[in-house]
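Undergrad: For reference, the chains in residue letters:
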Amino acid sequence: MEFKFEGRAKLITQVLMAVGLIALVGGYLTDHSDHHQRWWANLLVNGFFYFSISLAALFFYALQYATESAWSVVIKRFLEAMFGYLPYGAAVMVIVLLAGQFDMHHLYHWMDHTLYHEFMTVDGSTFMDEEVAGSVINPNYDHIIAEKSGYFASWFFWLRTIIYLGTFLGFAILFRKWSLQEDAEANLDLHYKVFRRSALFLVFFAVFSSTLSWDWLMSIDPHWFSTLYGWYLFSGMWVGMIIFTHVSILWLRTKGYFAEITDSHMHDLGKWMFAISMLWSYLFFSQFMLIWYTNIPEEVTYYVSRIFTDYKVPFLMMFLVNFVVPFLVLISRDAKRNPNFLIPVAFIIFAGHFADVYLLVIPGTMFNHNVFGLFEVGLFLGFLGLFINRTLTTLAKAPLIARNHPMLQESKDLHY
Amino acid sequence: MKKVFHVMYDDDDKLLVAARELVGKGIHVNEVFSPFPIHGIDPIIGIKRTRLAITSFMYAMTGLSLAVFFMWYTMISDWPMNIGGKPNFSLLENLPSFIPVSFEFSVFCAAHGMVITYLLRNRTLPGMPATNPDPRTTDDKFVMEITTDTNAMSAEDLESAIKNTGLLELSIKDFK
Chain P
1 MEFKFEGRAK LITQVLMAVG LIALVGGYLT DHSDHHQRWW ANLLVNGFFY
51 FSISLAALFF YALQYATESA WSVVIKRFLE AMFGYLPYGA AVMVIVLLAG
101 QFDMHHLYHW MDHTLYHEFM TVDGSTFMDE EVAGSVINPN YDHIIAEKSG
151 YFASWFFWLR TIIYLGTFLG FAILFRKWSL QEDAEANLDL HYKVFRRSAL
201 FLVFFAVFSS TLSWDWLMSI DPHWFSTLYG WYLFSGMWVG MIIFTHVSIL
251 WLRTKGYFAE ITDSHMHDLG KWMFAISMLW SYLFFSQFML IWYTNIPEEV
301 TYYVSRIFTD YKVPFLMMFL VNFVVPFLVL ISRDAKRNPN FLIPVAFIIF
351 AGHFADVYLL VIPGTMFNHN VFGLFEVGLF LGFLGLFINR TLTTLAKAPL
401 IARNHPMLQE SKDLHY
Chain S
1 MKKVFHVMYD DDDKLLVAAR ELVGKGIHVN EVFSPFPIHG IDPIIGIKRT
51 RLAITSFMYA MTGLSLAVFF MWYTMISDWP MNIGGKPNFS LLENLPSFIP
101 VSFEFSVFCA AHGMVITYLL RNRTLPGMPA TNPDPRTTDD KFVMEITTDT
151 NAMSAEDLES AIKNTGLLEL SIKDFK
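Protein chains in written order, with this note's numbering: chain P, 1 to 416; chain S, 1 to 176.
The following block holds chain S by itself, in its conformation from the complex (with noise of 0.2 Å):
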C-alpha cells in the first residue's frame, strides 16, 4: 500500500532543519506547504529554479510589440495624427513620444502575464479546489508532504525517521 507522509510543525526553522536532516538521509520531500516563502527551502528538497523569470520577458516583448503596432497603425499609418508639430509620417522620428505608452503596456503585460501564470502554474486560480492538505497551513502551520513512492524506504522506516524531528503532528493516509 502506498502511504502519504503529511509533517506538521509549528515553526518555519523547524521544518528547515527537519527537512535538512531527513534529506540528509536520502529521503526525497515532494512538497511543503507554508503561509509564506520559507528562505532557502528550494535547494533543500530540491526544486527547480523558476522560469517565471523567462515568461515574464516574453510578456514584456508581446506587450512592447502590441504596444508598437497599435500606436504605429491609429497615429502613423491609418491617420496621421498632427500633435504639437511632431514628424506624423514616420514611427521611427516620432519614436521619443511613443517611449511611455510602450513602456506601460509592456509593464502591464509583463505584470498581468506573469500573475496568470503563476496563478494557473500553481493551480490556485480564484474558485480552484485547494491543493494543500491542512487548512491550518494558510495560518501558522507547516506542512512537508513525504510519499512512498517517490522513496526506497519502506513507510515503517520512513515514520520512524519522521518522528525523530521535531514535528508537531503526523499524519498518515494511503494513496491511490
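Isolated chain P, as found in the complex (with noise of 0.2 Å):
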C-alpha cells in the first residue's frame, strides 16, 4: 500500500512553513539585537533540533540492521521518510556556519580571528604572536580561545563539516537506494551488504555524533567543555525522533496506513520513548552532578550562565518534564499501549527537547537580553512543517512497507 500525502494534511504543513516564513522575514525585520543575534541563534536551535531528528532516524535505522532487529522492519520506510529532511537540515546548518564565518552574527565568539594573537599593530591591521617594535598588546586576545587555535581553524572546522555532512547524507542516500533495490528483487546479498555498511555507519557515528555537538553547539561557550556533551545531545536527538515516529505512526494508522503496524510494534515503539527518555536524564544528570560536586570554575560556568540568570526556571523545568512525565506516565504497560496517556506526553517531551536545544544555544549567544516571542514559536511551528511536510512526501515515493526484507514476517509476527 502507497501512502499519498495530499488533502487536509498536506495543507496544514503548508500552512505551517508559511507561518515559518513569515515568522522568518518579521524576525529578521524586528529583531533589533547586534548582528541580528537572535534571529541566527534561533535559526540555529531549529536546525540543529530538527537535523538531528533526522539524524537520529539514520542512526537509528543503522541499530536496526546493524543488530539484525526484526520488530522494526515494518517501520523501516518511515525511518527511511525522516531522511528525506536530512539534506534540507543539513543546508540550514551550513547557512548558519558560513554566516558566523563571515561576520554575519556572533553566535561563535572562536569565529572572531582577533582573539588568537597577543599583539597587534596600533591600527589593529595586524596581529602578531611576538612582541615587535611598535605593537601593543592586543586587548580582545583570549589565551584559553588562542590555545584551542588549531581546533577552531578555519580551514579544519570546515573539514569536519564537509565530512559530517557527506558521510550522514551519502549514507542515507545509500541506505535508501539499496531499500528500493531490495523492493525490486529478493535479494539476501544485498540484506548483508546494508547490515555491514550500517555497522560501519554507527563507527562513523560515534565519533561525529560527539564532535559534531563539539563543533556545532559545545563551542558557543568556547571556554568550557563537557566530555559528556556529545552523548546528551545524541540521546536528546534520538528522544526527539522516537517521538516523532511514534506519533505520526499513531496518525498513519488512524488513517488506514500500515495496517501490519501491530499495538505491539506501538507499544515496542513507548518502550523506546520510555528507556532513551531515562538515558536522556541519566546523561543529564550525570553532567550535572560531576560539574556541581567538583565546582571547578573553568567548568562551573556553563551551569552558571544557566541557573544564576533568568534562565533559571525554565533550565530547571525543562529537565523536570522530560525526567518526570515519561517516568511517572510511561512506566506502566497499559500506558505505553495506550495513545489516550502516550500522546500528550509525547507532546510535553517533544516541546521539553526542543526547550533543551534551546537552552544549549540560547543563554550562551543572547545573554541576559534573550526574548521569547511569537517569532520563536512560529519558526519553530515552520520548520515542524517543512519536517513533516518532507518526511511524508518522501514516505509518499515508495511502498510502506519493504516486501522482500528477509525478516518481514518475523517483524509482522510481533507481539509483545
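Among the clues, some could well be false.
Stated by the list, open to error - Not everything, but these chain P residues come out facing chain S in the computed CB check (under 10 Å):
| id | residue |
| --- | --- |
| 1 | Y282 |
| 2 | S305 |
| 3 | F308 |
| 4 | V329 |
| 5 | I331 |
| 6 | R333 |
Said to hold, decoys possible - Listed below are the simulated DSS-like cross-link pairs for lysine-lysine, each with C-alpha atoms no more than 25 Å apart in a straight line:
| id | chain 1 | residue 1 | chain 2 | residue 2 |
| --- | --- | --- | --- | --- |
| 7 | S | K163 | S | K141 |
| 8 | S | K86 | P | K312 |
| 9 | S | K14 | P | K412 |
| 10 | S | K141 | P | K271 |
| 11 | P | K255 | P | K10 |
| 12 | S | K14 | S | K141 |
No lab work stands behind these hints, which were simulated from the structure alone. Ideal Cβ positions, reconstructed from N, Cα and C, are used throughout, including at glycine.
Work from the hints to combine the two standalone chains into their complex.
TA: The following block contains the structure:
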C-alpha cells in the first residue's frame, strides 16, 4: 500500500511552513539585536533540532540493521522517510555556520579572528604572537581560545563539517537506494551488505555525533568543555526522533495505513520513548552532578550562566518535565499501549527537548538580553511543518512496507 | 476417581499447537512445565498477567525511602558532614550528591526483592522440593498438566482428545 500525501495533511504542513516563512521575514525585520543575533540564534536552534531528529533516524535505521532487529522491519520505511529532511537540515546548518564565518552574526565567539594573537599593530590591522617594535597588546586576546586555535582553525572546522554532512548524506542516499533495490528483487547478499555498511556507519556516527556537537553547539561556550556533551545531545536527538516516529505512525494508522503495525510495535516504540528519556535524564544528571560537585570555575561557567540567571526556571523545568513526565506516566505497560496516555506525554516531551536545544544555544548567545516571543514560536512551527512535509513526501515515494526484507514475516508476527 | 494427565511433548511449538487445540475444545489446561518460557503460551492457557512489576515498583520505593532516610540521618541530622564545602545542613540543597546512592539502592532493592518474590511465589527457593512432574522438563521436554476436577469432561473423553495431539508420552495418575 502506498501512502498518498494530499488533502488536509498537506495543507496543514504548508500553512505551518508559511507561518515559519512569515516568522523568518518578520523576525529579521523586527530583530534589533546586534547582527540580528536573536534571529540567527533561533535559526541555529531550529536548524539543529530538526537536523538532529533526521540524523537520529539515520542512526536508528543503521542500529536496527547492525543488530539484525526484526521487530522494526515494518517501520523501516518511516525511518527512511525521515532521511528526506536531512539535506534541508544540513543546508540550514551550513547557512548558519557560513554566516558566522563571514561575521554576519556572533553566535560563535571563537570565529572572531582577533582573539588568537597576543599583540597587534596600533591600528589593529595586523596581529602577531611576538612583541615587536611598534606593537601593542591586543585587548581582544583570549588565551584560552588561542590555545584551541589548532582545533578552531577555519580550514579544519570546515573540513570536519563537510565530512560529517557528506558522510550522513551519503549513507542516507545509499541506505535508501539499497532499500528500494531490495523491493525490486529479493537479494540476501544485498541485505548483508546493508548490515555491514550499517555497522560501518555506526562507527562513523559514534565519533561524529560527539564531535559535531562540540563543533556546532559546545563551542558556543568556548571556555567551557564537557566530555559527556556529545552523548547528552545524542540521547536528546534520539528521544525526539522516537517521539516523532511514534506520533506519526499512530496518526498514519488512524488513516488506514500501516495495517501491519500492531499495538505490539507501538508498545515497543513506547518502550524506546521511555528508555531513551531515562538515558537522556541520566546523562543530563551525570554531566550536572559531576560539575556541581567538583565546583571547578572553568567547568561551572556553563551552569552558572543557566542557573544563576533568568534561565533558571526554564532550565530546571526542562529537566524535570523531560524526566518526571515520561517516568511517571510511561512506566506502566498499559500506558505505553494506550495512545490517550502516550500522545500527551509525547507532545510535552517533544516541546521539552526543543527547550533543551534552545537552552543549549540561547544562554551562550543572547546572555541576559533574550526575548521569547511570537518569532520563536512561529519559527518552531515553520520548521515542524517543513520537517513533516519532507518526511511525508518521502514516505509517499515508496511502498509503506519493504516487501522483500528477509525478516518481514518475523516482524509482522511480533507480539508483546 | 480424579485423574491427572501429564502430556509430554518434545517441542515447544507442538505443545503450543496442542494447547490451542485443546483449549479450543473447551478443555482447561492447569499448568505447563517447560525448561524455558514458551512465547505466547500465557494467553492460550489463560494465565493472568504477572503482578511482579508492581512489586518491583514497591521495592524500589522502599529502597529509595530507606536510602534517603539513612543519608539524611548520617550525613545531615546526626553528624553533618562537610565534604568539599557542600551545604551540609539541608537535605534538599545537597540532594544532587545523594541521587547516585538513592538510585543504586532503589535498583538493588527492586532487583533482590523481585528475585526473592519470584522464587517464593513459584515455590522454587533453593532447597525446596521440586513440583514439576518429570525431571526431563528441566532438560528438553515440555509437559502439560490437565486434571479432571477442573474440567467438566470425563476422563475417557479427555484422554481421547489428548491422544489426538502430537504428544510424546502420556502419564495418567490418580489424584487425591
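Undergrad: Report the numbers of all earlier hints that the structure fails to satisfy, in ascending order.
TA: 2, 3, 4 and 10
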